[in-house]
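Asks: Chains as they are written, first to last, in numbering that gives the first Met the number 0: chain Y, 0 to 621; chain U, 0 to 621.
Derived from the structure by calculation, the hints contain no laboratory data.
A portion of the hints provided could be inaccurate.
One copy or two, it doesn't matter: identical chains are merged, so the pair holds either way.
Unchecked claim - Listed below are the simulated SDA-like cross-link pairs for lysine to any residue, each with C-alpha atoms no more than 25 Å apart in a straight line:
#, residue 1, residue 2
1, LYS591, THR130
2, LYS328, GLY248
3, LYS25, GLY78
4, LYS511, ASP132
5, LYS114, GLY186
6, LYS142, LEU152
7, LYS328, GLY161
8, LYS160, THR245
9, LYS160, ILE520
10, LYS511, ILE135
Number of protein chains: 2
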Amino acid sequence: MKITFPDGKEIEAGEGQSLYEAFKQKGIYITASCGGKGTCGKCKVRVLDGAVRVENYGKLTQKEKESGLVLACQSFPEGDLSVEIPIESMLTVGDKIAISKTRDLFELFITYKAKLSPLISRLHLELPPPTLDDNISDLERLKRALDEKGITLSYPYDFMKGLADGMRQNDWNVFLCYQKESGEALGVEEPVEKPCYYGLAVDIGTTTVVVYLVDICDGRIVDVGSTYNSQMRFGDDVITRIVNATEGGELTALRRAVVADINDLIGPMCESHHINPDDIESVVISGNTTMAHLFWGLNPAYIREEPYIPTANTFPVWKAKDAGIRIRKDAPVYTVPCVASYVGGDIVSGVLATKMHLNEEISLFMDIGTNGEIVIGNKDWLMTAACSAGPCFEGGGIKNGMRATEGAIESVKIDRESLEPEIGVIGDSAPIGICGSGMIDAVTEMFLSGIIDQRGKFNPDAKTDRIREGDDGLEYVIFSRDGRDIVLTQVDIENIVRAKAAIYAGVSMLLKEVGFPFEMIERVYIAGGFGNYIDVEKAIVMGMLPDIPRERFRFMGNTSVAGAYLCLLSEKMRREAERVASMMTYIELSVKGGYMDEFMSAMFLPHTEMEQFPSVKAMLQG
Amino acid sequence: MKITFPDGKEIEAGEGQSLYEAFKQKGIYITASCGGKGTCGKCKVRVLDGAVRVENYGKLTQKEKESGLVLACQSFPEGDLSVEIPIESMLTVGDKIAISKTRDLFELFITYKAKLSPLISRLHLELPPPTLDDNISDLERLKRALDEKGITLSYPYDFMKGLADGMRQNDWNVFLCYQKESGEALGVEEPVEKPCYYGLAVDIGTTTVVVYLVDICDGRIVDVGSTYNSQMRFGDDVITRIVNATEGGELTALRRAVVADINDLIGPMCESHHINPDDIESVVISGNTTMAHLFWGLNPAYIREEPYIPTANTFPVWKAKDAGIRIRKDAPVYTVPCVASYVGGDIVSGVLATKMHLNEEISLFMDIGTNGEIVIGNKDWLMTAACSAGPCFEGGGIKNGMRATEGAIESVKIDRESLEPEIGVIGDSAPIGICGSGMIDAVTEMFLSGIIDQRGKFNPDAKTDRIREGDDGLEYVIFSRDGRDIVLTQVDIENIVRAKAAIYAGVSMLLKEVGFPFEMIERVYIAGGFGNYIDVEKAIVMGMLPDIPRERFRFMGNTSVAGAYLCLLSEKMRREAERVASMMTYIELSVKGGYMDEFMSAMFLPHTEMEQFPSVKAMLQG
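For reference, chain Y alone in the conformation it holds in the complex (with noise of 0.2 Å):
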């Protein structure tokens, strides 16, 4: 059966294959938080001619239902279709992030004093060609030369294949490479005077996969690509992919798809480049616990089961092959080390960027993009815990939600007196949902014009005709053009006021664990997408963030990734984050006492105890 877009465009769906599953397998991905189980109605598709069989309309309201949209993960083809996909409803990727934005990196790399030392490392070697009198073998004449300079390395089949000839080839006057981490040798090289080879620092969100193509001769950043993990047709959050990897029996599955998205990613960059993927040869992964799992395969059952435990923390140095990683075969992939089962390599790295972890200053690190991470501490010690503050700062969970793409609202603000919003968009084009940054605006602005309560509730007494009774109880319009609406509804706002007391009961919960007052806190590092677009100013007024001096909040990018990068540049960044990890210490807040107080306190906008925040109190009495 074939299914047309308005565009021309034509694909195949085979017999019994949901529209969903039919466009998964072309590679058009549409939005579906639940993984196509029909229950969070984001899939919309319009079917413009022909049969189609429903099997559930699911949240559809009746509108939606008369205008011809079904849920593409409930509908089966009968025959020949003619769709069209709803803009809202097509995953599309940020922005390319501007190469020009990586350049401070270098900087930080310098300011670690450490020296380039990718992952393998190049020994010049000229040995004595053999003769009737020294006739030992190739091996033993190697090992003779190494012995001298002290180096023991392990001599892998692979390696040993191409001994003979590289030796001879090159008149015994070689490069040896080697993986200092493994002790394994892995090739006889030409020598050159002036080498070039590449490396891929990789950052494996839960929602994103980005990949900086570096030069590691010169720590050169030459391209950086990005694109979502297509891991999220099996759920948006880890929680909901380590069921599906488990219990849905689909670990491979998970793990083929996001190599399968590092490897798009490499291919074109490569052609664009005129780089071998042959000479790339070294890789390594920044994300959490569960994207390390997922990526090497590794049963994830058991970091979703208390008492939470991951396979690995600390994961050896293995190859690209193991990984399916389509570059040189034997290229070391270094894992970021984790700390715990909702503490990843994703935070580590955030850690190494900050370098919160060298500076006598008590600096609070936060990095909030499908779940939220926390790190406090200074360069004598570090705690961290993770707080479950879900995906809807990333759109999940929100009606209208989406990420902080093109055709977001980013940004609104509520005329006191008239209750009417006025909206930023990114890429000032017309928007065609909400992100994370907008969320929290339009919850400061809706409490602060009185349209909610401190409790988040709609307040009866606000006279606005936005104000209205949808489908899932009060909402509130932002836009409206064209009978399609931007809103926020009563659930929505409770999933908002959710999250930020997640985020805010977790800080606080690790500063009561260390006995810190929130003022002895004197930087904040914001990081995650999501950081870059948010209002401090609303998002401590919303009760988020702590009410403290608003110049101490930094906002740091995509920190996973620049971990990644620094790491593949030096075996010193590497020991630097292994060291990082282990000087962090784990709060699960899940099962500590006081947690659920602390929780239940944040529900309120901004807090329960407006004593913590003071410059809140005062606005709010001013």
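Dock chain U against chain Y, hints included.
Replies: Structure of chain U alone, referenced to chain Y:
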């Protein structure tokens, strides 16, 4: 095109395929010392019916041609054929080695006082299960327990994939499998009280492959299999195979050929003993240096070229999957260390099996297989050399030569008066050729009865019809019936004399090197399949073995597989093999001054210097 055999069996031949190639492809091996080049004249087959294009009749006589014989490698079917393979053209393996004969190997092992410690070690670990307070990762938990025992391992990717479930399925009470030599963790398993695992001791000979299937938990030899090394189709001797592997680009084909031989032996053994191949978890390979290189697919080119350098003498422990052996994938494969390009692991195995390296007495070890290797020494020193005896004692280059299998003439006695021979045939069946021990007997008897002189030339004065002019000059008819003659030609005798001279000259040179006379040798160990049948007295008269008291000779059988067996059972034996290899000083005879003189002096029967053969001298004078 169909080829039918008298027994009704049918095979297909492809377009342009010679009969030799068509047979080979279907696993029908026929003798062809030259590897199918039309030069050795051994692959005779008889075309009974059908059209065949014959490119070259090679060495076939007019009579043979008239009887329908063709060379299989030079004959191309032009339609369906009916073909008969004469028994002397068939490659057949030696008698199945009786397991009873292997019993004394375990006795030998016991004398070493080594404990059973196969390549995979198992450590019983009972770990405390994780709790919220002790929530380190599985890998850290394992490492913590091993640290306490002072064990440090590396953790390959394949190990890690099974760690989480392996631990939990066994409630943290497990056997940890690891490989001591490579220091790799291999798996976690249910701890069992009476473990039962298997291993393979493999002798890769140039001509035959022998596999012992061993219960490595008690040392019992469960079964024994042997087959021809199908690398034979690439040439009878190591040099031809090296040329084929390198200049012919057939390295991979050679590697696969011998691995297939091993796999073909394992399959039926496992089936008949109801053993799961995955329970075979270690392998020891013993073979000459070229065989070891070809087994692993390492380029053997430089073994052949001066200064004769192998890629490795000591091989790291690699895995069954690297080699392609179809047993437990990560089963370690240990290669008995080699000494030099022409003294391999088979000879190190031989020393282990004789224990000559532990004794005070000076011993001589001789392995007379397709090549000849010798070792002289005692517990303090070992000297070794190879002599290119050539394959004649295994039938190669001898007109009616064959291996010591059923139908081979293994003993010859010639009446001094009538010059009529009396023969002994293996299996008491109709003779089809002559094997090494038969050749030694025949040449010695011909010499003693005056048929040939001291130079091995036919004596014109010898009066018997059995000496006649054949296609290759003069020949002696050892057996004749129904038109099938078994002869020794002048060329054959020259080959045999050259071979015995090479062996004796090698021993002689090696003794000169250490400054000892022959009388100092208190023990002579003779190894090789050949060595089971040899008549010492006659071998001395011929001048192949030194003229010392007969009781000093010991026949050892296949010491290569014996050494492999010892190394399979115990770490101590593997370290002992390495110690033996490093004890051995290799002398490259071919570049040694004086070797040619020694060789030329030994080209007489028994020798130009009769003083070296006092008992023979006395007998001849008597």
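Asks: Each hint needs a verdict: does it hold in this structure or not?
Replies: Now for the hints, and whether the structure bears them out:
no., hint, result
1, LYS591 - THR130, "between (71 Å within a copy, 14 Å between copies)"
2, LYS328 - GLY248, "between (28 Å within a copy, 23 Å between copies)"
3, LYS25 - GLY78, "within (18 Å within a copy, 51 Å between copies)"
4, LYS511 - ASP132, "between (74 Å within a copy, 19 Å between copies)"
5, LYS114 - GLY186, "within (23 Å within a copy, 37 Å between copies)"
6, LYS142 - LEU152, "both (8 Å within a copy, 22 Å between copies)"
7, LYS328 - GLY161, "both (14 Å within a copy, 23 Å between copies)"
8, LYS160 - THR245, "between (39 Å within a copy, 13 Å between copies)"
9, LYS160 - ILE520, "neither (57 Å within a copy, 41 Å between copies)"
10, LYS511 - ILE135, "between (66 Å within a copy, 23 Å between copies)"
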